[in-house]
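Just so you know, the sequence shown maps onto residues 421 to 778 in the working numbering.
Treat the hints as calculated values from the structure; they're not laboratory data. The model shown is predicted, which means the values in this text are computed figures rather than measured ones. Backbone N, C-alpha and C fix where the C-beta goes; we use that ideal spot for every residue, glycine too. Warning: the hint list may mix true and false statements.
As the list claims (entries may be wrong) - The calculated lysine to aspartate or glutamate pairs, modelled on DMTMM-like cross-linking and capped at a C-alpha distance of 20 Å, are:
id	residue 1	residue 2
1	Lys524	Glu504
2	Lys630	Glu646
3	Lys516	Glu504
4	Lys548	Glu561
5	Lys683	Glu713
6	Lys511	Glu561
Said to hold, decoys possible - Computed beta-carbon distance windows for the label pairs:
id	residue 1	residue 2	range
7	Gly680	Asp659	14 to 20 Å
8	Lys705	Asp659	28 to 34 Å
9	Gly481	Gly660	35 to 41 Å
10	Lys705	Ile512	31 to 37 Å
11	Asn632	Glu713	33 to 39 Å
12	Gly474	Arg686	20 to 26 Å
13	Thr682	Asn632	31 to 37 Å
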Amino acid sequence: MKEVWLDGNKEISAPRKKIRRSRRRKKKPYASVIAALDLGTNNCRLLIARPNQGSFRVIDGYSKDVRLGEGLVFSGALSVDAMERTISALKICQQKIIKRGVKKGRYVATEACRKASNGEEFLERVQKEIGIRLEIISSREEASLTLKGCLPLLEEASTKYGLTFDVGGGSAEIMLVRLDRKRPFVEGWVSLPYGVVTLTERFKASNISKENYRFMVEEISSTLREFDIKYKIQQKISDGIVQVLGTAGTVTTIAGIHLGLTKYNRALVDGLWLDSHVIMKISDKLVRSSFEERASLACVGESRAELVVAGCGVLEAIFKVWPAERIRVADRGVREGLLLALALKKSRGKNYGIACNE
């Protein structure tokens, strides 16, 4: 049938070439935008991405030290100042979510809101004032999401086991993972109350004495030994069948210092291999430095200068119990795990499902 356009009372044959060109120029609709938000004891972190065949491409992000868990170890509740700082950061997150046209997202809260007597009340306020619906997830799901985000770095190795540690603000999660199966299998998992904010407040770690530092390291080590005895991790490391991977602020900070970065660069840090003696040398120097000296370092700054000593104590305890020759550094975690889960719902890509030993 001949196609016509109407121009007043005249019929004009439609120009076929223009129609063909307009069809060729027709743009495909943009892929939907997804987002993940992780509200922890120390940080508020947002990632916005486009899903891509079971993976994702980050298009925007935001990270702010909010110290939501400040004083929680003594009071048992979130303080007014901490909540106000966090509200301010979450407002920026919401602005970015709206601006980017996020279609689907998952927004989670971890240790501080799990422990605080007013955690649920605070999240209700966030939803009412800002419009972000945060859900409190268990420490087990937190560890599983972190592992999901880090799996690509573990799967590049040909080892039988992966030992991962995530030292957060309010807790530290340790996982022993079997890597020689079709699906990663978590053989052992533990969540310990040894986050950098918690330890800093308990031991006054920003200006800690040698005696208190040694006491802190020994307390953490003794707890890790219980986990080691149950799963014989030290023996597995001696047999050369374990890859150790560390994530979160302390280990990435040390990696940045090792690289001599004048400004932190995630692309250079994420996936980096570091010898344990290098880590301990930098860690020892940080512990012996003053607050001002630590704050002057580009990859530390004032926001981390108070907390990094406690993180170094956790690292020392880990290497004391599990003397691995080297570890892999990961600047990824819960947010990446959340985004992968969202992206996989839109794709038949690789399955990063994780089985657990109950």
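Here's how the hints hold up against the structure:
no.	hint	verdict
1	Lys524 <-> Glu504	violated (26 Å)
2	Lys630 <-> Glu646	violated (25 Å)
3	Lys516 <-> Glu504	holds (19 Å)
4	Lys548 <-> Glu561	violated (26 Å)
5	Lys683 <-> Glu713	holds (16 Å)
6	Lys511 <-> Glu561	violated (26 Å)
7	Gly680 <-> Asp659: 14 to 20 Å	violated (35 Å)
8	Lys705 <-> Asp659: 28 to 34 Å	holds (32 Å)
9	Gly481 <-> Gly660: 35 to 41 Å	holds (37 Å)
10	Lys705 <-> Ile512: 31 to 37 Å	holds (34 Å)
11	Asn632 <-> Glu713: 33 to 39 Å	violated (19 Å)
12	Gly474 <-> Arg686: 20 to 26 Å	holds (22 Å)
13	Thr682 <-> Asn632: 31 to 37 Å	holds (33 Å)
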